[in-house]
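**Student:** All chains, full assembly: derive it from the sequences and hints.
Chains as they are written, first to last, in the numbering used here: chain P, 1 to 322; chain V, 1 to 246.
Be aware that a few hints might be false.
[As the list claims (entries may be wrong)] Simulated pairs of lysine-lysine, DSS-like, Cα-Cα distance not exceeding 25 Å:
1) V:Lys214 / P:Lys127
2) P:Lys279 / V:Lys225
3) P:Lys13 / P:Lys31
4) V:Lys225 / V:Lys25
5) V:Lys51 / P:Lys16
6) P:Lys27 / V:Lys214
7) V:Lys214 / P:Lys31
8) P:Lys316 / V:Lys244
9) V:Lys162 / P:Lys13
10) V:Lys51 / V:Lys196
11) P:Lys51 / P:Lys127
12) P:Lys317 / V:Lys144
13) P:Lys181 / V:Lys25
14) P:Lys127 / V:Lys16
15) P:Lys160 / P:Lys181
16) V:Lys214 / P:Lys279
17) V:Lys107 / P:Lys279
18) V:Lys221 / P:Lys160
19) P:Lys50 / P:Lys13
20) V:Lys2 / P:Lys279
21) P:Lys185 / V:Lys244
22) P:Lys188 / V:Lys244
23) V:Lys51 / P:Lys319
24) V:Lys16 / V:Lys144
25) V:Lys214 / P:Lys88
Think of the hints as simulated: they come from the structure by calculation, not from any bench.
Given next are the chains, with one letter for each unit.
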Amino acid sequence: MSVLVFANATEGKIAKAAYEAIFYAKKTAEKTGGNVTALTYGSVGEEDLKKLGNYGASKVLINKNISDENDQTLTNLTAAAVEQEGAKTVIFSFDPAGKAIAPRLSAKLGAGLVAGAITLPETDGGKFIVRTNVFSGKAFADYEVSTDVKIISLLPNSLKAEATEDEAEIAEFTPEISQGKLKVKELKTRSGDGIPLPEAELVVSAGRGLKGPDNWGIVENLAEALGAATACSRPVSDIGWRPHHEHVGQTGIAIRPNLYIAAGISGAIQHLAGVNGSKVIVVINTDPEAPFFKAADYGIVGDAFEVLPRLTEAVKKFKAAN
Amino acid sequence: MKILVCISKAPDTTTKISFTDNDTKFNEENVQFIVNPYDEWYALVRGLELKEAGGGSVTTVTVGGSDHDPIIRKALAIGADNAVRINTEPQDGYTVAKEIAAYAEGKDYDLILLGKETINYNGSQVGGMLAELMGLPYVSVASKLDVAGDTATVEQDIPAGKQVVEGPLPIVISCAKGMAEQRIPNMRGIMAARTKPLEVVEPAGAAPLVTASKFSLPEDKGEVKMIDAENAESLIELLHNEAKVI
Ligand SMILES: Cc1cc2nc3c(=O)[nH]c(=O)nc-3n(C[C@H](O)[C@H](O)[C@H](O)COP(=O)(O)OP(=O)(O)OC[C@H]3O[C@@H](n4cnc5c(N)ncnc54)[C@H](O)[C@@H]3O)c2cc1C
Ligand SMILES: Nc1ncnc2c1ncn2[C@@H]1O[C@H](COP(=O)(O)O)[C@@H](O)[C@H]1O
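**Tutor:** What follows is the structure, given as structure tokens:
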């Protein structure tokens, strides 16, 4: 009776969200009993495999023959692992791979899926209840799963993963499975060491108040000083000031970083829907009546063109002193 | 090309959310419903573009009661050729996928498009479940889709960047931003929608795998702490010592 984790790998690198999923599985196993088995594939290096153990897996299954992120192949691989390990709980990350494979596995096994979990399962009284965001972060739902096998996909940044020195036993896993039909033709990893927005713990975001694409230097400077990712409001990506993948909100992506700094964003309800899961929100706006202040923890009524550079300087000083 | 687009209804994005029946049901009173934006802006419009370029038909399918008819008419007004409503209340993602699979099986759709997620339940689950039930490949959260011959080429934003995936038709794809531009229905479309076929079919019957046992609202944020712009630097100190996020 183990907890199985699907640890997605892109070009042999395991995503940060996968380590969170492993840690979440470890905490789940403390409630349900059993050990944590991680399942991965491709050319994952020694160091990443070791980290799976550090975050809570006692066993790692790897299939080195599969290199593509193929939804059908990986679903079949996971189903085979569920069977071999006698897994009763299966954990995914709520990322594009998890959004394809977890529902497939759910339909294949007739196993209830809670997608986008933000809490550990409540197991009191023999029940199994997991909380997710619904209505784009405006509310929560507690889902009860009563099927024999239970599947959870975990929203990134929902818990802080802690590493130990523990190590996992690593075994190759090559069951007979049928192959899917998709092929990854091309993979363009984002250049540089930029932090992927959905995984970022710190985010600096800006909106139409910045007035034009050429003014984003002050946003990027603060982000760089903090080690944060950058984001934007929808109109900003619609007019092409910023790339689409930075658009947060109801129709963009939903994020829940520890810190969200919003400059020149009014705080429309559709924008808030994507960011109100953030732990701490800082709002910088010239208009004291901007609705965003109601959702903020810290507010500065001021001009982003003055405030952002001053914050950047202050962060640099702070980093130098700490 | 025969295209099927899965359309659901969602509360207007400005809706104030509340619950009834001991917090087990979403309170629909005075709520304005819209077509789920991902279904309308991206899945439906891209389906229409592909049909306009290469011929074929666009059918929408919705699992739900007659209260879904207005949003279905909207999809017809935007340009779908005909619509199907499977007459049962959706219970969870799985029951929706089961019903759509039961309907679509054997009807030879080349392309089944969905939204990336419903903005009410945000599960991103129906597409993958549907694909599995029908034995088809599936690409989630696609930002671009082209079809040449019987191959679909799909671009997908992933945390590490972007990937381009190729798969044979028939294929299931969930659509996100980038896929197409929103279309506003014109008067002619709205008139035409009144007489386009909306077929109501009875459900196959499917049991849910999960149940929502309770809804709740986030706690109110405490008072916002205002910092004088002249003293903006003190924010960094507060973020470190008080909020402990840096
Ligand atoms: C169905 C639907 C879905 C939507 N989905 C999303 C979504 O996912 N994400 C999203 O963001 N929006 C979304 N929107 C749009 C949303 O309603 C708002 O229009 C949008 O968020 C506004 O963007 P903004 O705050 O950048 O611009 P504005 O509303 O124009 O606000 C600009 C702000 O900048 C301030 N400002 C101006 N100059 C300065 C300065 N020098 N320094 C500091 N502040 C300054 C102004 O006071 C103002 O508050 C959606 C809308 C609809 C109808
Ligand atoms: N009741 C429904 N009828 C038809 N399609 C639906 C229904 N519910 C969800 N869908 C489709 O499935 C997608 C994903 O929904 P979800 O899994 O709930 O996030 C939506 O964007 C729709 O395209």
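**Student:** Next step is simple, just say for each hint if it's right about the structure.
**Tutor:** The hints, checked one at a time:
For the given pair, V:Lys214 sits about 14 Å from P:Lys127 by alpha-carbon distance, which is consistent with the 25 Å threshold. Only pairs whose Cα atoms come within 25 Å are accepted, and P:Lys279 paired with V:Lys225 is accepted, the gap being roughly 15 Å. Taking the CA atoms of P:Lys13 and P:Lys31, the gap is near 30 Å; set against the 25 Å cutoff, the hint is violated. The straight-line distance between the Cα atoms of V:Lys225 and V:Lys25 is roughly 35 Å, outside the 25 Å bound, and the hint therefore fails.
Annotation: proposed proximity of V:Lys51 to P:Lys16 is violated, straight-line Cα distance about 40 Å (limit 25 Å). The suggested pairing of P:Lys27 with V:Lys214 holds, with an alpha-carbon distance near 23 Å, which does not exceed 25 Å. The hinted pair formed by V:Lys214 and P:Lys31 meets the criterion: a straight-line CA distance of about 21 Å does not exceed 25 Å. For a cut-off of 25 Å, the pair hint linking P:Lys316 to V:Lys244 stands: about 17 Å separates their Cα positions.
Straight-line distance between C-alpha atoms of V:Lys162 and P:Lys13 comes to about 15 Å, which keeps the hinted pair within the 25 Å bound. Proposed proximity of V:Lys51 and V:Lys196 is supported: the alpha carbons are some 17 Å apart, at most 25 Å. For a cut-off of 25 Å, the pair hint linking P:Lys51 to P:Lys127 is broken: about 32 Å separates their Cα positions. Taking the CA atoms of P:Lys317 and V:Lys144, the gap is near 43 Å; set against the 25 Å cutoff, the hint is violated.
Of the pairs offered as hints, the one joining P:Lys181 and V:Lys25 is violated, with about 40 Å between alpha carbons and a cut-off of 25 Å exceeded. Taken as a hint, the P:Lys127 and V:Lys16 pair is broken in the structure, with Cα atoms around 31 Å apart against an allowance of 25 Å. Distance restraint check for P:Lys160 and P:Lys181: the Cα-Cα separation of roughly 36 Å exceeds the 25 Å cut-off, and the hinted pair is therefore not satisfied. At roughly 23 Å between alpha-carbon atoms, V:Lys214 and P:Lys279 fall within 25 Å of each other, so this suggested pair holds.
Taken as a hint, the V:Lys107 and P:Lys279 pair is broken in the structure, with Cα atoms around 48 Å apart against an allowance of 25 Å. Between V:Lys221 and P:Lys160 the alpha-carbon distance is near 22 Å, which keeps this suggested pair within the 25 Å criterion. The straight-line distance between the Cα atoms of P:Lys50 and P:Lys13 is roughly 12 Å, inside the 25 Å bound, and the hint therefore holds. Straight-line distance between C-alpha atoms of V:Lys2 and P:Lys279 comes to about 46 Å, which puts the hinted pair past the 25 Å bound.
Of the pairs offered as hints, the one joining P:Lys185 and V:Lys244 is violated, with about 43 Å between alpha carbons and a cut-off of 25 Å exceeded. Between the alpha carbons of P:Lys188 and V:Lys244 the distance comes to roughly 35 Å, so the proposed pair goes past 25 Å and is violated. Between V:Lys51 and P:Lys319 the CA atoms are separated by roughly 56 Å; this puts the pair beyond 25 Å, and the hint is violated. A C-alpha spacing of about 33 Å is found between V:Lys16 and V:Lys144, which places the hinted pair above 25 Å, so the restraint is violated.
This hinted pair checks out: V:Lys214 and P:Lys88 have alpha carbons roughly 24 Å apart, not beyond 25 Å.
Taken one by one, the earlier hints fail for this structure at numbers 3, 4, 5, 11, 12, 13, 14, 15, 17, 20, 21, 22, 23 and 24, listed in ascending order.
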